[in-house]
Amino acid sequence: MEKNIRYWQSLEQFENEAEFRAAHKDEFAEDLPVLGGADEVAKEGYKGNRRDFLKMLGFSVSAATIAASCEIPVKYAIPYVQKPEEITPGIASYYASTFLDGSDFCNVLVKTRDGRPIKIEGNPESPLTQGGTSARAQASVLSLYDINRVKHPMKGENASTWGEVDSAISQSLRSGGQAVLLTSGIASPSTRQLIADMRANFPDLRHVEYSPISYSGLRKSNQICFGDAVIPSYNFAKAAVIVGLSADFLGTWVSPVQFAKDYSKNRRVSADKPTMSRHYQFETRMSMTGANADYRQPVKVSEQPAVAIALYNAIAGKSGNSTASGGSIDAATQEMVNKAALDLWTNRGHALVVCGSNDPNTQVIVNAINIMLDSYGSTIDLGSPYMIGGGDDAEFNQLVADMGSGRISTLLIQGVNPIFDSPLRDQFATGLGKVKTSVSFSSSLDETAAKCDYVCPDHHYLEKWNDAELKKGQFSICQPTISPLFDTRSWQESLLTWMGAGSGFYSYIQNFWKSNIYGRQNKHGNFQSFWDHSVHDGVVSMPTGVAGAPGFNGDVASAAAKAVNAAKSTGEFELELYQNISLGDGRYANNPYLQETPDPISKVCWDNFVAVSYDDAKANGWKRYDVLEVSANGYSIQLPVVVQPGQANGTCSIALGYGRTKGVNERCQVGQDAFPFMSYNGESLAYHTGVSLQKVGSGYQLALTQTHNFIDDTGVKVLAKPKPRIGIINEAKLADYKEDKYVGNTYGRKLSKPGYKEEYLFTLYDDRPELQDGHHWNLGVDLNTCIGCSACVVSCHLENNVPVVGQEEVFRAHEMHWMRIDRYYAGDPQNPRVAFQPMMCQHCDNAPCENVCPVAATNHSSEGLNQMAYNRCIGTRYCANNCPYKVRRFNWYDWQGADSFYKGTIFDNDDYTIVDDLSRMVLNPDVTVRSRGVMEKCTFCVQRIQDGKLEAKKAGVPLADGAIKTACQTACPTDAIMFGDINDPDSEISKWRANERAYRMLEEIHVLPSVNYLTKIRNVDELDSWYDTRPDDGDHGSHGHDDHGHDGHDKHKKGHDGHDHEGHDHDHGHGHDHDHGHDGHGH
Amino acid sequence: MGKKYTEFNWLRSMILAGLLVILLPFSATHAQDARSTEGYKKGKALFGANCASCHKIQGKLIGPGLAGVNDKYDREWLYKWIKNSQALIKSGDGDAIAIYNEYSKSVMPAQPVSDAEIDQILEYVQVETDDPGGGKQTANAAASGTTAEANLWSPLRIFLYIMAVVLLVMLFMMGKVLSNLGRMAAEKRGEPIPEPFSVASLFQNGKFVAVGLMLLLCIMGYTTYDHAAALGRQQNYAPDQPIKFSHALHAGTHKIECQYCHSGASKGKSAVIPSTNVCMNCHKAIQEGPTYGTTEIAKIYEHYENNIPVPWVKIHNLPDHVYFNHAQHVNAGQIECQTCHGEIQTMEKVKQQEPLSMGWCIDCHRETAVQFSSNDYYKTYEKLHDDLKEGKLDQVTVESIGGTECQKCHY
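The listed protein sequences correspond, in order, to chains R and F.
Residue numbering for the first sequence follows this note's numbering, beginning at 60 and increasing consecutively.
Residue numbering for the second sequence follows this note's numbering, beginning at 213 and increasing consecutively.
Think of the hints as simulated: they come from the structure by calculation, not from any bench.
Mixed in with the good hints there might be a few duds.
As the list claims (entries may be wrong) - Simulated pairs of lysine to aspartate or glutamate, DMTMM-like, Cα-Cα distance not exceeding 20 Å:
#1 R:K1013 <-> F:D588
#2 R:K134 <-> F:D452
#3 F:K526 <-> R:E130
#4 R:K1013 <-> F:E250
#5 R:K1013 <-> F:D452
Required output: the full structure, derived from the provided sequences and hints.
As C-alpha cells, this is what we get:
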C-alpha cells in the first residue's frame, strides 16, 4: 500500500542528491566567523591570532573590572497620576479593532500592555475572518513604531503646522476649480458619507478610487452580467469542488483570510468525516493556492481565457447550453479541464469557479460557468458583496489625463502611491506638477508624497477611529489603542476641518451609526448600549438575505473572443505580475518582519526575482544565482533567476511591490520595481506582458532560506531498528484513507501495535514519571489544513521578540525564525506536488540537545518542555549541532540591543533591526530580549503557558482545555495548529495525538517529539500516476498503487546505477518497513 | 554578616532553641488559630478592598474605628447599615441617626457585599479587636533573630572563645613537648637529631606549600565567584524617596491594608506603585502628618494638581531575564508581603531586606508548600494527591511541582 515518494526542497537536490547532501552535510552553513563585520569577513576571511586573543582577554578582564566597580544606576517606578480604571500595569488589555489597509482587512483584537499595542490577534467574533489573521495583519503593529513615519504636517520639504496647512488647503478648495480626492478603495461607510457631505460642500470635488491591485475587471463583469458592479461574496465552505483560474484566493485574492478559513473547513478530514473538497487550479506561476490544490495544471497567461472557454464548453455540453469558441489549449490541459468539468457538474450546487484575472471578459465566461453550476445562491452571493477592493481603472485613467491637461487645481491623495504603483506613473508625476495644490495623507514620504505640496500625515490605524463595511451588512469598528505617537491627524479629521465641520471624526462616525445602522437592529434599546457593544465586539452583522440565482445578461461568445485577444502578448516570454503574501503592492516594504518572511513557495526573502520554468531554464542554461535582464516596452530590470518548479513553460513571473526608493529605510530598498511592466489596456489594468529574457550575470546572492535547515538522516541510519524509512512528510490519497485510517502513516500503525515499542525502542532513560503527572504540553499540526501562509511565522516573531536579521545575514543562514514552514516538492519538476510543514522546536522528551549542553542551559521540564535558559548559555552551539530538526537559532549579534555595550560595536546595525527606542516599543515585555552569543528556539510560548496556569490558580479552578493557545495557533487562519495538555485525556490535543493520522517527525530516532503532525490527505484518484518520480533513474513510468510492492523495490535497484544510493534512501515520507539496503520485505 | 558564624551553627541552633523555649509562652498561639480560618482570611481581604479606605480597627480614620462593633450593634442592624446606611437613616433608626450626626453627616456609601461577606468582615474585625497585636507572631520571630545576633558576645560565647584560645595554646605546647621529647630520644639513641619544629620550617616543606597554595586559590576563587555573583544585588538598599512616605505610619500605625495601595499584587505581575489619585482618596481629608506636618503631604497636592507623576525610586529590582509575578505569590501562593519585603510595617524608609538572589528564591521554593488542597487548579496533579493521601509525602512544595525548573522564571 505505502507509496514510494521522494521529496526534495530544491532543484539542486532534485538533480544531484549526492552532491547536495555532501554540500549540506555540515551542521552550520559556515565556519566559525566573525571578528570583523559581515562584509570584511566575507572579503578577507577570519584573521584572528594570538595577539588578538590576548588583546581581547585583556579588554574583557579590564572591562569586567570597570563594570564591576560602577555604581548600579538608580531606577524609577513612575506611577500614573490618575490611573485609568481598566489598566493594571503588567496586565494586557485587548481591544477589538479592524486592520484595514488598501484592500487588506482583518477583524482583529489588539493586545496592549501598559498602553501600547504589541500584538495582533484575530477577532473570533468576526463572521468574516473568524479569528484568523494574515502575515500582513500580524506585522501591521510594527508599522506603528516605524521610524520612517512622517511625524508632523509638512509643506514641501519643511515641517509645518496644522494651522498653516489647514488654511492653505481650505483656501485652495474654496478657490474654485476642479478638486479631486484620490483614494484607495473606501470600505468605511462613514467616510463614504463624509465624502458625499464634502461633495455637497464643494460641488467641484470629484472622488476617484484607485487600487494598484485591481478588481476592476471582476466588478465590470458583474455589471455586464447582472447589472451590479460588485465583488460578490464567495463561500468556500459550501464548495465541494473548487476550480481556481490563477486566483490566489488563499494568499492574496479579495478576502484571503476568510477564504482560507472556509476552505479549511472542507479540507479537514477525520474518521467521522472522511470527505474533503477537491480543488483544481489552473495557473501560470506556482502560487500558494496552487500548491494546496489536489490537481494543478500550469497554463500560460495567454491560455487562461482559453481554459475558461474550454471549461465553459465542457460544462455547456453537459447542461445543454450553447458552446463558445476561442483559444486553444494542449491535450493535457484539455484532459484536466474535462476532469474538472465532470467533477463540477456532478457537484453542481456545491461547486465554485473563481478567476483572478482582471479582464472583465474572462470573468464573464467564469460567471456563465457559475450560472450553469447553480453556484449563485449557494457558493456565490450577489446579495452581500464585498465593499473593499474598490477602484475603477478607467476613472483613474481619466484623472491622469485631466491632470496632464492642467484642469485639476486641488488634488488630495489618500492611501495610494501612483508615482510608484501605477502604469501611468510618469504621466501622473508630470500631471502632479500642473496641479496647483497637491496634498498627500501618506504616513511616510513615499514616492508620491515626496512630490506633493503638502503632507498631512494620517494616523496609523491603531491610533484612530474608523469604521468599515467589509461586506454588505458586515460592519466593523476600528478604535484607537494608543494616543497618537506623533503630530499626525486622521485624514477624515482633516477633511472635516477643511469643510469647517469641527466636531471631529469620532462623533461623525457615531452620528452616522446612530442614523444609519442603529435603526437596523432590535437587540439594543438605546444607542449608547448599541454603540458600546459594537465597539466592544468590533463587529456588527446586519442580516442580508442571500440573493438567489440572478438573471444572466452576459454574451459569452463575444466575451470569449475579446478575452482571448486581451490575454495575447508578443514577446519571447509571457510575464505575469503578482503581489506576494508579504509586500502586497509595496505598501509594506518598510516592514522588516514582512521583508524577512520567506515567500511560501520560493522561500526567498528580502528580494524579488524572476521565476522561470524548469524546462526553459534547462533550454537556456539558466541556473540559480544567475541574473536575467527582463525587458519590455523600453523598460528593463535585472533580477536574479529562480527556477520555479511548476511554472508554466514560456512564462515568467515577478512580484510587485519591490524596488521602493522613497520613504523606506535603506535596508528595505530591495528588489527591482516591476510596476512599469503593468499596462492599461483601455478597459482595465493588465498584469501581463510579453518580455524578453537575457542572461547578464551570475553569482547573485539571494536570501533563500529553504536549504538552510536541511534535515538529514544520519541518525536514522544508525539508530532505527528495524530500519524504517525516515518520516518527514506523510501523505496518502483520500480513497485509501477511507478504507484504512493509518494509510501513509506506516510508523504510526506499527506503534499502535502492542509490544512494538518495547521490542524496538530501547532507551537508556527512565520513563520519566514526572511527565505523567500534572501537565505535559504537546502541539499538533494538521498538514491537511496548513496552507503555508506564514501568518504563524510573523505572529511568532512578535510574541517572542524574535529578531529580524536583514538580507546580508540571511545570506549567511543567520535568520532567527523560531518557526519556519518547510516546503517540499515531490514528482515532476515541471509540475510537482507540494507539501508544507511548519517546523518548530519539537520539545523532544528524549531531547538530543539536552545531553550535549556542557552547562545544562537546555534541559527538560516536568511539563515536557525543552527549556532554554539564556543566561546560562555560553554559546557552544553543541545543541544546534545535535538537533535533528535544525530548529535552534544562535544569536550571532545583539540584534535587538539587549547588551549594555552596543553602540559602536562592530555590528552597529540599527538601520534595520529593532534597536531604536521607538521600534523597541513593540517588544513583548514578558519575554527576555536575548543578547549576543546565546542559543534560542521555540518555547511553546511558555509565557502564555505560565499566564494561563496563573489565571486558573487565581480563579481556583482546574486549567480548562483551550485556555492556553500558542501564538502560532491563534494566528492560523485554517486552525491547523492545536496546543494542549496530553495528560488531560479529554483535551483536543489528546485526540489529535490518538488520531490514526498522527505521526511524530523522525519518530524512528526515538527522540519522542512533542509535536504531532497529521498525515496529509490528497483528494486525488491516483497519487503515483499523477506524478512521476526521479527522471535520473530512467524510471518515468507511472505506478498504480496495486502493483506497488516489488516494483517499488526494483526501482531502487535501478537507482544504484544512477548515483549515490544513500541519496535516495532518506527523504521518503512513508516507507517500506524493509531494510533498504537488503532484500527483505516487510510486507 | 551571616556567614561569619556558620561554623558555629550547632551552637546558634542551641541558643535559638533555648530562646524559643523562653519566648514560647508569650507567643499568640490563640490568635494564630483564629487567623487561620477561612472567614478571617476572606474577611481580611474584603476589609482591605471595601472598608480600609475609611475605617481602621482601632481609632477613627474617616469613619469610626471598628473595634467592638460586634458588641455595640446587633448583626441584623449591621447588615442593613453596611448595605445601605442612608435607607436606615431615612427609616428613622435612632442608632443610625446618632452616628450620622456624630460624623457630621458624612455619608457611608452603600457597600456591594452579601450578608455572608459581612459576617466574614466582622469575624476579621472581632479577631483584630480581641488580639490587636496582629503582627506579634512575626515580630517575635524577628526579635529572636536579633537576640541571637546580640548573643555573639554573650558570656557563654566569650567563655567559649577563651576556651578555644586556651586549646590552641595547649596544642602548640604539646607540639613543642613532643618535638623536644623526640629530639631527646634521638639524642639518646645516637641517631641524627631532627631539626627543631618551627613555623618557618613548614614553608620549606614542598607539600605543605603546595597544599596551602591550592587552598588559597580555592578560597580566592570562591570569594571572587561569590562576589561576582552578587554584583548588581542591592540588599539593604534604602534610597531617599521624593516624598518621605512612611510605611511604618501607614501600614504599621494605621494598619492600612497593603493591597489598598499596591492593588496589583493579587492581580498581576506588578504590585503597582499607587497612582497619585489613590493617595488623594485619604489625603483629600488628611492634610497634616504626625512627623513632617504639612510639608510632605503638600508634595502630593503639587504632583496631583500639576498632573506630574511622583518619581519614586525603585528599590526591589530584578534582572531583565527574570520573570516575577506578584499574583503568583500573593494570590495563588498566599505568601505574606513580609516574606520577601521584610517587616515593611516597621520601616520609616523602605529598604531591601532580602538579597533577591536566585539562591534565595530557590531556597524558598524548596521549602514552601503550595495551596495544594485548597486550590482546585492543583487537582491536575493526581499522583501527588495520591502520595499525600498515602502518606508518602508530608507536603507538596513548589519544587515538587517543578517550581525550581529554569523556565518557570526565565523565558
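>> Hint compliance check: list the failing hint numbers for this structure, sorted ascending.
In response: 5
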